[in-house]
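Protein chains in written order, with the working numbering: chain U, 1 to 229; chain Z, 1 to 235.
Just so you know, these hints were derived from the structure itself, not from any lab. Errors might be hidden in some of the hints.
[Stated by the list, open to error] A few chain Z residues facing chain U, derived, Cβ under 10 angstroms:
hint	residue
1	Gly-28
2	Gln-82
3	Phe-87
4	Arg-88
5	His-160
6	Ile-180
What you are looking at is a predicted structure, and each value in this text was computed from that prediction instead of being measured. A virtual CB, placed ideally from N, CA and C, is assigned to each residue, including glycine.
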Amino acid sequence: MTLTREGIAYRVARDLTEGSYVNLGVGIPSLVPAYLPSDREIFIHNENGVLGVGPLAAPGAEDPDLVSANKEFITLLPGASVFDHAISFSMIRGGHLTHAVMGAMEVAANGDLANWRVPGQKVPGVGGAMDLAFGVQNVWIAMTHVTNKGEPKILTRCSCPLTAPRCVRRIFTDIAVIDVTPDGLMLREVARGLEPEAVRARTGAPLRVADDCREMDVPAAFNGVQLTI
Amino acid sequence: MIDKTVTSCKEAVASVFDGATIMIGGFGGPGVPARLLEALREQGASHLVAIHNGGGNHDYAFGGLILDGRIRKLIASFPINQGAWAFRDRFLKGEIELELTPQGTLVERIRAAGAGLGGFYTPTAVGTELAAGKEIRNIDGREYVFETPLRADFAFIKAHRGDRLGNLNYRMAMRNFNMIMATAAKVVIAEVDQLVPVGALSHEEIHTPGIFVDRVVQAERHPRVFERPQEGRSP
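The whole structure should be built from the sequences, with the hints applied where relevant.
Spelled out as structure tokens, the structure:
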């Protein structure tokens, strides 16, 4: 059984500990805040100068001067702060943020990340992706395990232009949690009802199975589709 | 008596010349000096080099300048924002040059110019195509790429309140690039929501000290800066 996009976000949220300062990318990572445990104090950072992002603003209650990096109207939590872009990127580039959770087109077994430009993309845009990938303490990837065509996104080597070399620490997908270690990829968890072999069959790089590899602990409400090996 | 106020956006941008380099603050709607940009469309200067994070929104303000064919080159990190269709059209036709730089490197290049630095070394982009052709230096075992400072003839910035001395105060997420760009251009022009008497801003709420600012103009917010990016007209 795969996980839904929300299920991947739920699983990421479980690993964010109290006191984390986190930047969340677009796509699946943007779903993470809904699943953060309410008993942990975790600060969400936005590139445009906000630390302590709360829920999206209710219709009619938007502040025109307060948007997310994705340009949605947001709210601030108690203890949140606002600042300029130089301070914001010092948080990123100076290694102060504990986590960046991003999507990816490709991740390599050595931690190389490609998530800013697909080959042939006519108009490029990088935003803060490279700053995050180079600067943040823990770069985590939240993505589907394979492309829409069923091709592996975790590879021996990236074919898309790199965002940063050797930066990814952990990969959360709809079927697995995988750590990038100095000895290569290590399978930590598999989705309910799947064998490690099913993950290996969908991964384009050697994958070792951790001795304590276990089933992903995610509620059944986040079950996606049944997979056949 | 120092008085940096001017009475209209038209007057504020009158000295912008053909071929000038202009920094433009703002990220999304917050902090975009849209009235100054609309006045520049009227003023007519062209072959401009723009330094801005994105590629403009739809057919007004910076998006309007691009649509009008007035921008020769854009230095940006994310010119593929929703609403940047005017940039996309001109870029694909080869009518506008793009210098793409990571967002943190962009702001640091501006900061370096404002702080009188000759550049800096950063690990961001080492080993990627955005570091191609640039000097790489190993410092304490890590590789860094050399980046040059970015200066401009003009900076267009947006603040919430300002006084005749050029002191500026920002609300919420308006500071973004504005506070940094205010340090790095020969002529810094600030559009403010409210012009207030000297002393009305407490010492502690002056975010940009007036030393950096040359002109201050009060203007009512451009209504379209309140749009979500997915709103507004498409081509």
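Quiz item: If you take the shortest Cβ to Cβ gap from Z:Arg-88 to chain U, is it below 10 angstroms?
Solution: For Z:Arg-88, the interface hint holds, since the closest Cβ of chain U sits about 5 angstroms away, which is under 10 angstroms.
Practice problem: So, Z:Gly-28 near chain U? Judge it on the closest CB pair being under 10 angstroms. | Solution: Holds. Min distance 4 angstroms.
Quiz item: For the hint on Z:Ile-180, does the least C-beta distance to chain U fall short of 10 angstroms?
Solution: OK, holds: Z:Ile-180 within 10 angstroms of chain U, min 5 angstroms.
Exercise. Classify the hint on Z:Gln-82 as holds or violated, based on whether any CB of chain U lies nearer than 10 angstroms to its CB.
Key: Because about 8 angstroms separates Z:Gln-82 from the closest Cβ in chain U, which is inside the 10 angstroms limit, the hint holds.
Practice problem: So, Z:His-160 near chain U? Judge it on the closest CB pair being under 10 angstroms. | Solution: Where the cut-off is 10 angstroms and the nearest Cβ of chain U is about 8 angstroms from Z:His-160, the hint holds.
Quiz item: Minimum Cβ distance from Z:Phe-87 to chain U below 10 angstroms?
Solution: holds, 8 angstroms
In summary, this structure violates none of the numbered hints.
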